[in-house]
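Colleague: Sequence:
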Amino acid sequence: MAIPVIDFSKLNGEERAKTMAEIANGCEEWGFFQLVNHGISVELLERVKKVCSECYKLEREEDFKNSAMVKKLNDLAEKKDSEKLENVDWEDVFLLSDENEWPSKTSGFKETMEEYRSELKKLAEKVMEVMDENLGLPKEYIKKAFNGGYGENAFFGTKVSHYPPCPHPEMVTGLRAHTDAGGVILLFQDDKVRGLQIHKDGEWIDVQPLPNAIVINTGDQIEVLSNGLYKSVWHRVLPIPGENRRSIASFYNPSLKATIAPAPELVEKVDREVDQAYPKFVFGDYMSVYAEQKFLPKEPRFHAVKAM
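All residue numbers for the sequence shown refer to UniProt numbering, where the first residue is 1 and numbers rise by one.
Derived by calculation from the structure, the hints in this document are not laboratory data.
Heads up, some of the hints might be wrong.
[Said to hold, decoys possible] Listed next, the in silico DSSO-like pairs over lysine-lysine satisfying Cα-Cα at most 27 Å (straight line):
#, residue 1, residue 2
1, K10, K84
2, K159, K122
3, K110, K159
4, K84, K105
5, K143, K57
6, K10, K105
7, K84, K71
8, K72, K294
9, K50, K144
10, K257, K306
11, K105, K121
12, K143, K126
13, K49, K144
14, K121, K139
15, K121, K49
16, K105, K126
17, K122, K143
18, K139, K49
19, K57, K18
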């Protein structure tokens with residue numbers, strides 16, 4: 001069983017209907033799919049790989065090696081018992097957004113990542129337009145819902161992660177299983193080193209490394225807006241011995257002030273008169289719940305935010 005791979009360029013040709021159906025299936029049945037021929041140049045992607053790898057080596061690696069987590073894992077390993085390192089992730093990660101400070105010592109990092117984020121944001125909006133059409137919603141419905149009105153714009157962030165070689169992968173998690181809180185996530189993952197898995201039909205399935213592909217997955221807010229037609233999916237990262245895995249995840253999320261609820265077009269009239277499975281809430285309130293419950297089942301999060 002493999003994650004669907006979809007040629008995004010065929011949206012503009014004779015195979016548009018087939019491609020739309022493939023994306024609908026990816027959203028409905030998988031929650032994850034890979035896009036190839038997505039319009040982002042190979043030259044830019046190669047630069048992104050280069051500057052992110054150099055940034056880790058130059059600005060991040062030494063701190064990771066000397067971190068308390070690495071020391072604790074090594075101490076546990078020396079005891080030679082079956083204890084695991086709980087409630088931590090074997091991951092080096094930092095956030096890029098328009099508001100925060102970016103790494104400054106790596107040549108070309110800022111210019112390359114600014115260009116990349118601009119291209120990824122445009123791709124995210126194209127994917128959301130396809131979702132709108134497949135769901136029978138008005139054009140730009142999801143984008144407008146995420147913006148939230150009153151001049152509040154959707155949030156677009158990028159997490160640059162590395163999963164360094166792990167000497168004791170049986171004793172720690174790369175990234176604990178979770179669903180993503182936000183909207184549409186676009187992942188440029190390592191094209192050689194595996195590690196990302198999704199949970200489907202009771203088993204964990206590898207998201208196969210594929211050169212120059214962008215992995216798309218849907219977050220909790222897309223599940224709510226689609227009234228459960230599209231579901232956010234549990235995923236995790238395994239620590240890998242001997243290899244460093246790079247992962248660059250960008251996410252198009254609602255404004256913290258945006259109100260999220262199932263699209264009226266996707267809710268039967270009879271259902272609107274009774275208690276909804278998905279509540280109406282402010283995204284910032286949801287994030288407050290998510291911060292405490294990220295690695296727990298998602299259904300209680302919807303109930304908790306409903307009670308606020």
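Colleague: None of the hints should be skipped; say for each whether it holds.
Modeller: Structure-based check of each hint:
1. Under the criterion of a C-alpha separation no larger than 27 Å, the hint pairing K10 with K84 is inconsistent with the structure, at around 47 Å.
2. For the hint linking K159 to K122, the alpha-carbon distance of about 17 Å falls within 27 Å, and the restraint holds.
3. In summary, the hint linking K110 to K159 is supported, as the alpha carbons are separated by about 14 Å, within the 27 Å threshold.
4. At roughly 35 Å between alpha-carbon atoms, K84 and K105 are farther apart than 27 Å, so this suggested pair is violated.
5. With a C-alpha separation of about 37 Å, the suggested pair K143 and K57 falls outside the 27 Å cut-off, and the hint is violated.
6. For a cut-off of 27 Å, the pair hint linking K10 to K105 is broken: about 40 Å separates their Cα positions.
7. Note on K84 and K71: the hinted pairing holds, with a Cα-Cα distance of about 13 Å set against a maximum of 27 Å.
8. The suggested pairing of K72 with K294 holds, with an alpha-carbon distance near 23 Å, which does not exceed 27 Å.
9. Restraint check: the Cα-Cα separation between K50 and K144 comes to about 35 Å, which exceeds 27 Å; the hinted pair is violated.
10. Proximity of K257 to K306 is assessed by CA-CA distance (about 16 Å); at most 27 Å being required, the pair is judged to hold.
11. With a C-alpha separation of about 25 Å, the suggested pair K105 and K121 falls inside the 27 Å cut-off, and the hint holds.
12. Note on K143 and K126: the hinted pairing holds, with a Cα-Cα distance of about 10 Å set against a maximum of 27 Å.
13. A C-alpha spacing of about 32 Å is found between K49 and K144, which places the hinted pair above 27 Å, so the restraint is violated.
14. Distance check on the hinted pair: K121 and K139 sit about 17 Å apart at the alpha-carbon level, within 27 Å; holds.
15. Taken as a hint, the K121 and K49 pair is honoured in the structure, with Cα atoms around 18 Å apart against an allowance of 27 Å.
16. For a cut-off of 27 Å, the pair hint linking K105 to K126 is broken: about 33 Å separates their Cα positions.
17. A C-alpha spacing of about 12 Å is found between K122 and K143, which places the hinted pair at or below 27 Å, so the restraint holds.
18. For the given pair, K139 sits about 34 Å from K49 by alpha-carbon distance, which is inconsistent with the 27 Å threshold.
19. Taking the CA atoms of K57 and K18, the gap is about 43 Å. The hint is violated against a cut of 27 Å.
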